[in-house]
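Engineer: Going line by line, the protein sequences match chains A and B.
Everything in the first sequence is counted per this note's numbering, starting at 1 for the first residue and increasing by one.
Everything in the second sequence is counted per this note's numbering, starting at 1 for the first residue and increasing by one.
Any given hint could be a false lead.
If the Cβ cut is set under 10 Å, some of the chain A residues that face chain B in the computed set are [to be verified]: (1) G68; (2) D78; (3) G80; (4) K81; (5) A82; (6) Y105; (7) K107; (8) T108; (9) G109; (10) S111; (11) G112; (12) A113; (13) F116; (14) V118; (15) E122; (16) R137.
Worth flagging that the hints you see were computed from the coordinates, not collected in a lab.
Just so you know, even glycine gets a beta-carbon here, dropped at the ideal spot from N, CA and C.
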Amino acid sequence: MDLTQARETWVGYEFDTAEFTVTRERVLEYCAGCQEIDPRFTDPSHPDFQAPPTFVAQYVGTRTLPEGFPRFGVRGFDAGKAVHCYAPVRPGDRITARSRIHDLYEKTGRSGAMFFIVHRMEFRNQRAELVAVVDWRMVQQGAEA
Amino acid sequence: MILDLHNHSVLSDDGRARAEGYCRWIRARELALDGFVLTEHRQFDRTSDYRALEDETGLLILKGSEVETDYGHCLLFGVNPDLEAAFDFARVDLPLELVVREAERCGAVAVPCHPGRPRVGLCAHYRERGPVPGVAIVETLSGGSREGEQGDALQLAEAFGYAGVGGSDAHIVSHIGRCATEFEQRIANEDELVSALRAHSFRAVSWI
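Only chain B is shown next, with the shape it has when bound in the complex:
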């Protein structure tokens, strides 16, 4: 099962796509995706209900978040009320160690994203301050990466023994499906996504 784990809708301040648009694009372009995750910036979308759209399109639509930490941006999967209460998603200076630890405690998974990106990726911060305990997975393939950034991310994952996922970091419909994550098992909801991530039963894939 292939899921694009990193996308933004119009609920993010810089997102210009709606879930419906992503679905239409995936079907029109016959992309090899079974679904995607909407990871809105600095928030968790508790209100949108995509079940009818899932039924209509046959695509799985899950929700996560992208928060901002002292080590760069970090995806959160399996967000629940306990995790929302653990820290303020809107802050831009969350300690990554706290985010990772609280995600683990609350039954979620934290995945630092686009680690090769300057200022908001793990690589630059690791060079200055060393590794963060608890990190186990990073986004090794990012659709938003520029030249060299993907290589840095892969080197970091190899050096620290991190598993790698892929996500497009799409903000417009035509950018979905550039990178994704292939899972060994079927996933039907956020809990199963968390289980699959914790089992490390996946690999990052890219079409760019």
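So that you can see chain A by itself, here it is in the shape it has in the complex:
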């Protein structure tokens, strides 16, 4: 499948929903892992205690890519996540994450041609407020098997 056809077929396709409950322990573990020091994120007694901005990036859904999604190469690697925050995430929040293919594009670099798959997870809380959007870029490259 060429990229143009793949874009027409897959960009915008929603393929997964997952739910998470944010706990104080999970927030504190995450802060410890990041060596976070801001008391707004590390001190549960802080009046504005909340999860740090990148907290939701740890969540993964039940699928990485949709069923039947084409391969664009034999090798792959994680090209990172961009986190856009819109509202605080706090312990007790019930978060619903919806995943879709946000973009497909190709580029060239030192290592040759690369196909980028942008998996977007949109996180909403129990009040349906958008709290964060995470764009996860995955690269595939190399001739197809």
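Since chain A is already given, all that's left is putting chain B on it; use the hints.
Structural biologist: Here is chain B on its own, set in the frame of chain A:
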């Protein structure tokens, strides 16, 4: 006047800097830049308006593009609607000869960048397939170059009689101002940048 001709903002998929961040860094570090060009990957940014930021910071902020061709990546300066209509900026296999020719026809300038870089620079492709007609300027000094790549770029420019510009290829704020281009005259907009490039009244400079 010194301009850093090759930088990316968050509008590029791999850019992590905003124009405001570049300006703050330039002023905080007292870099010898009078301005910079944002050359977003595979697109031209028609919408951003940096005039207020220019007034606030006293820096010139121009817009160009970096497209991908069969001979590697290529900067475009003086992008206008005619050039945008000439080919699809998003493609990664644009013929460089077409890009150079259409830039010339539309009143813009095409500058192959980081020529020493494997796969996406001019040097490797020239060794395999020979030179491309119409190329007159290359980015001889690139802030994104690795060991040996700068030397290859300078040798290529000398061998083919190309003029050389400098650009940082910055994707984060702290990388701006590593390489730049010093012009003999004042430049206030994209048209004047094109004129200065076409006049070859510049030299590449580096601080790395």
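Engineer: Hint by hint, say whether it matches the structure.
Structural biologist: Going down the list of hints, with the structure as the test:
1. G68: Violated, about 25 Å.
2. D78: 14 Å, violated
3. G80: 9 Å, holds
4. K81: 12 Å, violated
5. A82: Because about 9 Å separates A:A82 from the closest Cβ in chain B, which is inside the 10 Å limit, the hint holds.
6. Y105: With Cβ-Cβ at 7 Å, under 10 Å, it holds.
7. K107: Check passed: Cβ of A:K107 comes within 6 Å of chain B, closer than 10 Å.
8. T108: Given a least distance of 5 Å, the restraint on A:T108 holds.
9. G109: 6 Å, holds
10. S111: Given a least distance of 7 Å, the restraint on A:S111 holds.
11. G112: 6 Å, holds
12. A113: With a minimum Cβ separation of about 7 Å from chain B (threshold 10 Å), the hint on A:A113 holds.
13. F116: Constraint on A:F116 satisfied, holds at 7 Å.
14. V118: 8 Å, holds
15. E122: Violated, about 19 Å.
16. R137: Result: holds, 7 Å to nearest chain B Cβ.
Comparing the model with each earlier hint shows violations of hints 1, 2, 4, 15; every other hint is respected.
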